[in-house]
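Novice: Given the sequences, and given the hints that come with them, work out the whole structure.
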Amino acid sequence: MTTTPLIERPKTRFDPIDWSRKNLFSTWYNALLTFVAVAIIFAVVRGILGWVFFRAEWQVIAVNLRLFMIGTFPIDQIWRVWFTIYLAAALLGFSWALWPNVVRDIAVAYGSALLLLALLPFSLNNRLALGVCALLIFGGMWLARRLQPKLPWFGRGVIIAWLLLLPFFIVMLRGFGGLLPVISTSQWGGLLLTMVLAIFSIVLSFPLGVLLAIGRRSQLPAISWFCTAYIELIRGVPLITILFMAQNILPLLIPGGETIDAVMRAVAGFTLFTAAYIAENVRGGLQAIPNGQTEAAKALGLNPVLTMGMIVLPQALRIVIPSNVGQFISLFKDTSLVVVAFSVFDLLGIARSVVSQTDFLGRHTETLAFVGVVYWIFAYSLTHLSRRLEQSLGVGQR
Amino acid sequence: MSESAITRTNTRPPFWRNVRVLSIIGQVIFVVIIVVIASWLYGNVTAGMRRINIGGGYAFMNQPAGFEIGVTPIAYTPTDTYWRAFQVGIVNTLSVTLLGVVLATFVGLLVGIAQLSSNWLIARLAQVYVAIFRNTPLLVQLFFWWSAVFLSMPRVQQAITLPGPIYLSNRGVAMIGLRGTATFLPWLIFVAVGVVLMIVTVIALRRHQERTGQQSPRWLIGFGLVVLSAAVGWLILGQPLETHVPERRGFNFVGGFQLTPEYAALLLGLVIYTGAFIAEIVRSGIQGISKGQKEAALALGLSPQRSMRLVILPQALRIIIPPITNQYLNLAKNSSLAIAIGFPDMYNVARTISNQTGQVVQIVGLVMASYLVISLFTSLIMNLYNRSVRLVER
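Line by line, the protein sequences give chains A and B. Residue 1349 is where the first sequence starts when you use my numbering, and the numbers rise one by one after that. Residue 6 is where the second sequence starts when you use my numbering, and the numbers rise one by one after that.
Honestly, I wouldn't trust all of these hints.
Listed next, the in silico DSSO-like pairs over lysine-lysine satisfying Cα-Cα at most 27 Å (straight line) [to be verified]:
| id | chain 1 | residue 1 | chain 2 | residue 2 |
| --- | --- | --- | --- | --- |
| 1 | A | K1498 | B | K299 |
| 2 | A | K1359 | A | K1370 |
| 3 | A | K1646 | B | K299 |
| 4 | B | K299 | A | K1359 |
| 5 | B | K296 | A | K1498 |
If you are wondering where the hints come from, they were derived from the structure by calculation, not from laboratory data.
Specialist: Rendered as structure tokens:
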């Protein structure tokens, strides 16, 4: 009896030649594309690495690093910034222990990056501070693992601590009479100012957006019409015009408004803008909740406020996490617009102004590359965090 | 059984618990509050305007502008009115927006489909492109293209020459330009006739295919008809278009089609940035079609390319159109960042006018109204297209 030739058994272990044949050279045009892509990658990477290590002059960054990070913040008060960063690092460590699925990658990445940065040739104070931050992240995780079984309110405590960190941060930076010398917001700059603008606007715009979404879906025509008009008006105009309006018209709107400092006006502009987009996202989520949920809540005797707050909103907000985080990432990047609309010097503003120093005229590429990488790190961290959060909440699976 | 328990006629709750009455009262209170706040704000604004001595109304826009504009697609001199300057700005914004939308869709489609390619290297390259350009601010990218790329090009005397000829220098991009001669307009009639013939043939051939099943390359025939008609017109009327090549004269190029470095940087930055977002939308649209569709198409013997073109993409369009509308609107609004690199778009011109005349409130209103009109118009067109691809349910 003749035997038919055996088909090759599928390989269970990773075989590079087989993998290349399937993924890179499967057809003739795939093979051509692979060669072209390899050539392009080689040329680009060689060009970039050659520029980074041989032709670029990184002095402009090294000399002005403090400007980039904190602007013209008085150097003797820098302990206030470091203290808040220590608290944030400790809370990051605690969060790592509490919600490892979501936070672990970010915590490990930031901890290792801080350790690596502590080895670079900065001043001894800064290196110590960076090392302490890394230690707090890892140490906080270890401590929380020990404490969490003993303290049932630990998770809730950490969430409240995160929420309280923002006003604490603002108070620390601003100072209050007597105990801490006041530092006016015109001296905040660089990455510090970018963080303040972004975090403040995100936290303020979220409740406003949720209220607008609920108002737009209201049965009362006056409220629904007003919310719709606001959302459509704000969404139809560029952010820069809203900032321009906040800069010039806000002082006219409120008596004594000229005294509102530029940072507050910028935050107001960002908040009003982002709230409209958050409202549209949340409205999409609210639309996806079937009416049965509201009817069941009514049958159980819940009033409209409790229905919305305990039944409908948690489900709706979970659905729109991807769009909302995307909007927050956009807001973080859009804080760079303050250099155009106001004359505040956030991270990008410092980059543009540093280039006009006589020693570093024309060093555009270095400064923009540095600023771009810093923005990219934070934006990508947020994207990664949101992907992990979606996975752990089961978005799209149930 | 007592009568009174069954024959209760008045079951309406008292007015202070009646939902209908309460909702009306609530809305009236809400409207009153809004009107009070609005009139207070309006009073503040007018008082403030009187304090800084700026009047109301748009009469100031008829004064001569007195400033130069670098890029003037329509005729403009500094003695024209502010209205004319504003119109130049609007034309600039519209030209960048339209060109940007077309190019960004191209780039986005290409990169989005490449992300799902069976070639591992191409897929990773596309993902890296999207990850880089989505996560950096548009302003950083614009500054990069403008100061680190276009302004760092060599001077005109040592301009980079690409085959074309296309000259890249720090004065911008100069390439061969086309200019219409006297016979251009009559020639366009021939082209229009060709286009009409193309539409008629394509529809007729499609009906023929639906009736008899016979396939024919109808788009090829249609385009062939357009080319034929244009060639006939060219031969009869004489040359309708002439080329003129840019030549170096002094410190600049003269003639040809030129793009300033600001225009080129703005266009490139907007296209690459928005293209990355459109690529994500296209990818999520294609991945949103259930895998069974692709498997069924392959089982029927369609090649991967035909299954993508005939089965997947038409269904994916339904998912893709609303978010892409958002990205088009974003591109139109992001073009206002031209002020950072000095391109005279609508917002830049409006800021100059507002700085010169000080009439901020009117200018802000004008700018916001213009952008609203552009946004609403784009939404309208995209919604009409959406209506043709969406699912029609009972």
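Novice: Against each hint, give a clear statement of whether it holds in the structure.
Specialist: Do the hints match the structure? See the list:
no.	hint	in the structure
1	K1498(A) with K299(B)	53 Å, violated
2	K1359(A) with K1370(A)	12 Å, holds
3	K1646(A) with K299(B)	44 Å, violated
4	K299(B) with K1359(A)	26 Å, holds
5	K296(B) with K1498(A)	48 Å, violated
Violated hints, in rising order: 1, 3, 5; the structure is consistent with all others.
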